[in-house]
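Participant: So you can see what is in the structure, the chains are spelled out below.
There are 2 protein chains.
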Amino acid sequence: MSNTATVRRSVVLKRRPNGSPRREDFEIIEDAIPSPAAGEAVTRTIWLSIDPYMRGRLREQQTYAQAVNPGEVMTGETVGEVVASADPRFVAGDVVVGARGWQTHSVTPGDRLTKLDRHGAPLSAYLGVLGMPGATAFRGVTEILQPKPGETVVISAASGAVGSVAGQLARRAGARVVGVAGGAEKCLWVQDSLGFDDCVDHRSLDLRAELLACCPNGIDAYFENVGGMVQAAAFDLLNPFARVAMCGMVSQYNEAEFPPGPNLGFVVGKRVQIQGFIVSDKPEKIAEWRKLAAPWVADGSLIYREDEVEGLESAPDALAGMLGGRNFGKLLVRVGHDVK
Amino acid sequence: MSNTATVRRSVVLKRRPNGSPRREDFEIIEDAIPSPAAGEAVTRTIWLSIDPYMRGRLREQQTYAQAVNPGEVMTGETVGEVVASADPRFVAGDVVVGARGWQTHSVTPGDRLTKLDRHGAPLSAYLGVLGMPGATAFRGVTEILQPKPGETVVISAASGAVGSVAGQLARRAGARVVGVAGGAEKCLWVQDSLGFDDCVDHRSLDLRAELLACCPNGIDAYFENVGGMVQAAAFDLLNPFARVAMCGMVSQYNEAEFPPGPNLGFVVGKRVQIQGFIVSDKPEKIAEWRKLAAPWVADGSLIYREDEVEGLESAPDALAGMLGGRNFGKLLVRVGHDVK
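If you read the protein sequences in the order shown, they are chains A and B. The first sequence begins at 0 in numbering that gives the first Met the number 0 and counts up one residue at a time. The second sequence begins at 0 in numbering that gives the first Met the number 0 and counts up one residue at a time.
Don't read these hints as lab results, they were simulated from the structure. Fair warning: there could be bad hints in the mix.
If chains are identical, the list can't say which one is meant, so a pair holds when it fits in one copy or spans any two.
Unchecked claim - In the DSS-like style, the derived pairs of lysine-lysine whose C-alpha atoms are separated by at most 27 angstroms in a straight line are:
| no. | residue 1 | residue 2 |
| --- | --- | --- |
| 1 | Lys-339 | Lys-281 |
| 2 | Lys-13 | Lys-290 |
| 3 | Lys-147 | Lys-281 |
| 4 | Lys-339 | Lys-114 |
| 5 | Lys-147 | Lys-284 |
| 6 | Lys-13 | Lys-114 |
| 7 | Lys-339 | Lys-284 |
| 8 | Lys-269 | Lys-284 |
| 9 | Lys-269 | Lys-281 |
| 10 | Lys-290 | Lys-114 |
| 11 | Lys-290 | Lys-147 |
Turn these sequences into a full structure, and let the hints guide you.
Facilitator: Right under this line is the structure:
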């Protein structure tokens with residue numbers, strides 16, 4: 000995809016997936032690259048972020064966002080290069096984050112775009128460790144979990160874009176941090192590279208016993224990304240006055256009907272706080288997080304890992320793979336290249 | 000029971016109940032009225048409070064308190080008259096709250112006793128509206144639900160000692176308050192006497208539809224006393240950013256195994272806060288509440304209702320009745336009389 004292209008390609012939802020999304024649920028359409036109206040900019044996509052919340056957008060029923068309907072372009076955050084601007088704050092050649100859509104080119108009101116520094120962190124980082132997933136971890140840990148030195152914090156999906164940051168933040172706060180991840184390779188990375196104190200493979204035959212072995216003093220704070228059996232095991236071990244940051248329950252996103260959950264009697268007896276949150280409710284937190292974390296990324300003290308797939312047409316399979324736990328690190332689709 | 004009695008009667012747990020407690024699970028034993036050691040006082044019980052938490056104390060497994068074991072006197076808060084004191088702060092004839100036990104006479108460290116004013120509220124009120132249940136409602140509403148004017152607040156067990164106060168506090172805060180109670184008589188009282196905006200009979204054939212009809216704008220805050228189908232119906236109607244004060248789940252207290260609960264996916268999407276609490280974690284709140292609410296009780300603006308049963312030997316049946324929803328208002332056992 001060069002700067003002189005005239006055709007835009009977009010991934011459009013064809014039909015709502017039944018279970019795991021499949022390539023056949025989407026189709027690629029082509030049209031002319033649009034021109035910006037006043038106040039808008041047109042960007043050429045370099046990176047497209049693939050995130051678990053996207054499965055929710057494919058459902059007809061929504062709780063906090065608009066559904067993506069059949070015939071509409073699939074939604075997703077991108078980093079791109081401005082190719083045409085009718086907003087005086089942007090000129091062709093700028094790189095920006097904030098445009099959306101599984102497409103090679105997006106039209107976006109300038110108010111939603113943030114200009115990035117090509118000499119700062121790698122551009123992809125603004126979709127992961129320095130972007131929405133990083134800010135999600137930041138809010139969950141600082142606003143809800145509030146770990147104290149010596150407490151035990153459990154992070155599910157610990158090798159993922161959110162969990163990897165959440166655990167490192169809890170460690171910086173002085174907590175003992177235990178991850179839960181899928182498979183030996185991820186667990187090894189969570190411990191050796193991220194520096195978590197321990198990590199449990201959620202595919203273990205006796206997850207509860209393994210988690211208990213890693214949390215001999217119980218669990219004081221739990222960062223929930225997955226639901227299902229991991230949730231059940233973690234909830235069983237919660238200590239009095241435990242906090243639970245409810246960020247997502249990816250293990251059930253492909254299910255048509257959600258299974259029953261835990262009996263909540265323990266919430267009373269243990270005075271547990273279970274708090275749901277969505278990062279976009281406080282968009283100002285993303286800028287705050289970027290400012291705080293950029294030096295940590297620059298000095299290498301905040302570790303992150305990216306999992307890159309090639310080409311816009313790979314996005315549906317990438318989403319399906321993420322929902323099955325097959326990515327390893329922040330999942331990104333390379334849609335184009337930064338030619339500067 | 001006169002002041003010159005020499006025999007003490009106590010209700011002792013004989014065996015752990017299987018399901019609803021029965022009279023046969025307890026026995027009455029007699030011994031001599033004890034003398035106080037230094038710093039203690041001996042009280043003659045006037046009122047014994049019967050509260051839902053007591054069923055939990057009969058289980059072997061405890062989360063925040065000590066179990067009552069077979070052979071031990073059953074626990075419960077009382078108002079009584081000091082008959083002997085080895086604490087200089089109390090003299091025979093004082094009425095106090097804070098002694099515990101299903102018994103005619105209790106020995107208690109003076110530090111746990113609070114002297115009451117015979118010329119203030121009726122003594123029984125210090126076990127209900129001005130006591131632990133009232134303070135429980137106060138904490139749940141002011142610390143967790145934090146109702147705003149125009150919001151919809153739902154209170155389960157609305158005619159009970161806690162729910163009746165919680166709903167009146169939410170109304171004082173300007174919220175629209177909907178109760179859930181068992182039966183037409185209780186619902187009528189909740190609306191006509193307590194002034195709730197509406198009340199749903201939890202025995203309705205279609206509880207969810209009835210609750211929806213009373214909450215056309217959804218539920219912003221829910222005070223949970225009961226669990227089960229009422230919880231399921233209320234959770235279904237929670238609005239974004241709803242708060243849930245988890246005070247108890249009395250509908251399952253007699254169950255050996257607790258049933259599954261709600262799938263918690265909605266907690267994320269709706270950013271719900273579910274917060275458990277136990278009033279005794281902040282004992283100072285009881286004094287704060289008494290001070291705040293005493294004028295409201297005196298001027299009749301805070302309504303309460305008591306359900307009195309006669310005689311210590313009635314306590315086991317009273318507890319069983321409460322767990323089955325057969326009391327109507329704060330349940331009290333009259334163990335003795337105030338002879339002054």
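Participant: Could you work out which earlier hints the structure fails to respect and list their numbers in ascending sequence?
Facilitator: 1, 2, 6 and 7
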